[in-house]
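Please take these sequences and the hints and turn them into a complete structure.
Protein sequences appear in the order of chains X and P. When you line the first sequence up against my numbering, it's residues 1 to 300, in that order. When you line the second sequence up against my numbering, it's residues 301 to 603, in that order.
It is worth saying that the hints were derived from the structure and are not from the lab. Treat the hints with care, since some could be wrong.
Cut-off 30 Å, straight-line C-alpha distance, at most; resulting in silico cross-link-like pairs (DSSO-like, lysine-lysine) [unchecked claim]:
id: 1; chain 1: X; residue 1: K218; chain 2: P; residue 2: K391
id: 2; chain 1: P; residue 1: K391; chain 2: X; residue 2: K143
id: 3; chain 1: X; residue 1: K168; chain 2: X; residue 2: K286
id: 4; chain 1: P; residue 1: K539; chain 2: P; residue 2: K391
id: 5; chain 1: X; residue 1: K111; chain 2: X; residue 2: K283
id: 6; chain 1: X; residue 1: K111; chain 2: X; residue 2: K168
Okay, here's what each chain looks like letter by letter:
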Amino acid sequence: MHSRKSVVAAAVSLLALAGLPPAGAWGAGLTHAAVPLGSFGAPTSPYPSLASCRQTVQHETYSRGVLTVATDDPVYEPWFVNNTPSNGKGYESAVAYDVGSLLGFGHAQVKWVTEAFDSSYAPGPKRFDFDINEVSVTPDRSKVVSFSISYYATTQSIVALTSDAIAKHHSPAELRTYLYADQIGTTGLAYIYAQIHPTREPRIYNTLDEAVAALQTKQVDAIVVDTPDGQYMASSEVKNGVQVGQFPSTGEHYGLLFSKGNPLVPCVDSALTAMTNDGALAKLSKQYLGIYNSIPAIKP
Amino acid sequence: MLPVLGPPDAVGGPGDGDEEPISLYSSHRPRLRGRAGTAASTVSTLVVIALVALILASPAAAAFRNGFLNVHQMWIAFAGHPEKGILSVGKGFLVNIWLSLVCEAIVIVLALGLASLRLTKGPVLLPFRVLAIAYTDFARGVPVILVMLWVGFGVPSLSLAEVSTQSPIVYAGFVLVFAYTAYVAEVYRAGLMSVPRAQVQAARSLGLSSRATLSRVVLPQAVRNVLPALLNDFASLQKDTAIVSTLGVAEAVHSAQIAGGVEFNYSGFTIASLLFLAVTVPLTRYTDHVMARDRSRRLAGMA
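Written as structure tokens, this is what we have:
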């Protein structure tokens, strides 16, 4: 379920990857390029200062004095631990509490509510301040809801069978020679076309499950898929599967989802910027996302 | 064509409006006339207007229209948008159509066998009858979606050579056949039991074998009696093909879900609903027509 849902969620950044002009929310999301170092409090920062935010956000939240955070149920590691968002463990839970803390909400003032992915983008008012659920930011989605800047930059990975040649031989020149499979419209497929330039036309399937079946039965050499999904596929879904390596990030990222035009967004962006600059996000990533970070880096 | 409050058309009744007493089987129900009729149609019109007004005058009517009734989004979902990864709901609906046709064809045959089995009397077949009863109870007692999850996720995990490597649509078809055979068998059984015993006795006394009695005398009457119910179950099966989406088959509902997730817009669900209505409404109207025709034929000799 998790895999399929996040695949659908991830299946949408293709336009941006294809090089169309980035919308505002999209361009601001590159964590390593968003804000110059040491800019907090400086007049050049595009976001309000955290000190002034602490004065205002208490009155702007969905429920006065409380930060209401939504996510799906069930939720999975490494984003959450024990399907309990309120324990502060797991990457997304920790990020939510840290953002809350920077804006003046103690642990007890952060309240969790359940929101399925499919209903998180329903028109009209939301029952939460923001939703944290591995949602990829895209220009199309940004028309309907507002997103924060990035709290996690996703990369693309190669998944193959341990017995496949690609598991050992994957220099940029060698990568071009393999036969790839992917789901229609995914960022992985876009990456194959835009970065790998294979000599053979990739096999395109309607669902990722069909692509996995093709890999399992050795009809293709490899699948390119975003790293979290690839980790799940290689460890649980594909028999004798291996995550060969991950490519450098191309800017695809997860953002916190708000109702359109929510006044909290600039302050949350301010908090995420502070967490990027002081290394808090990197620390959480090191603590929880080791399974993704440890996948060897390869070049297209 | 909403069957609300309005007087039903008296189809094919030659003596429409005569003084015959109203019975359950009569198609000559007198029309509502005069004040009662005017009041009924006024009330129904007002209810519809009020519902539409409620939607249009709601504080976020524009957001609702954009989220659910956006024609541009409906078109994107219907036609599909490969570059964005949106599958065509229209193409997906063809999967719903052929899946329901294939399943219905299998169900019709299997269910008749099952119903006949349950009506046998001999002690030799007792174990099979018990098995048939157990199956019917199970298949009718568990929600289809749960059986779908059981089979769709369970069978592949068995790692059986041929059985576990089928496409999800095969599992989905199996589950629909599994569930609907039980329902349709009960419909058949009701039909077979509705044929008066005298019919069998008469056929046998004319020298027909028991097989000929079944196929020439009992079955034709039984099927005619339950045809509306069979068509009803077919319409229901047609709709339930939507449950296949839980296994990730690219049918109409799954495609609409993907379009929704990509565009953050629910209009794909609207277009999928319209496609289903385009098939089920004519089917239900046809069922009504068959029922009315059958009623008038049967009552023809009584006037």
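Hints versus structure:
For the hint pairing K218 (chain X) with K391 (chain P), the CA-to-CA distance comes to about 28 Å; that is within 30 Å, so the pair holds. For a cut-off of 30 Å, the pair hint linking K391 (chain P) to K143 (chain X) stands: about 27 Å separates their Cα positions. With a C-alpha separation of about 27 Å, the suggested pairing of K168 (chain X) with K286 (chain X) holds against the 30 Å cut-off. With a CA separation close to 16 Å, the supplied pair K539 (chain P) and K391 (chain P) stays within the 30 Å bound.
Between K111 (chain X) and K283 (chain X), the direct Cα distance comes to roughly 24 Å. Compliance with the 30 Å bound is thereby established for this hinted pair. Note on K111 (chain X) and K168 (chain X): the hinted pairing is violated, with a Cα-Cα distance of about 47 Å set against a maximum of 30 Å.
In the structure shown, a violation is registered for the earlier hint numbered 6 alone.
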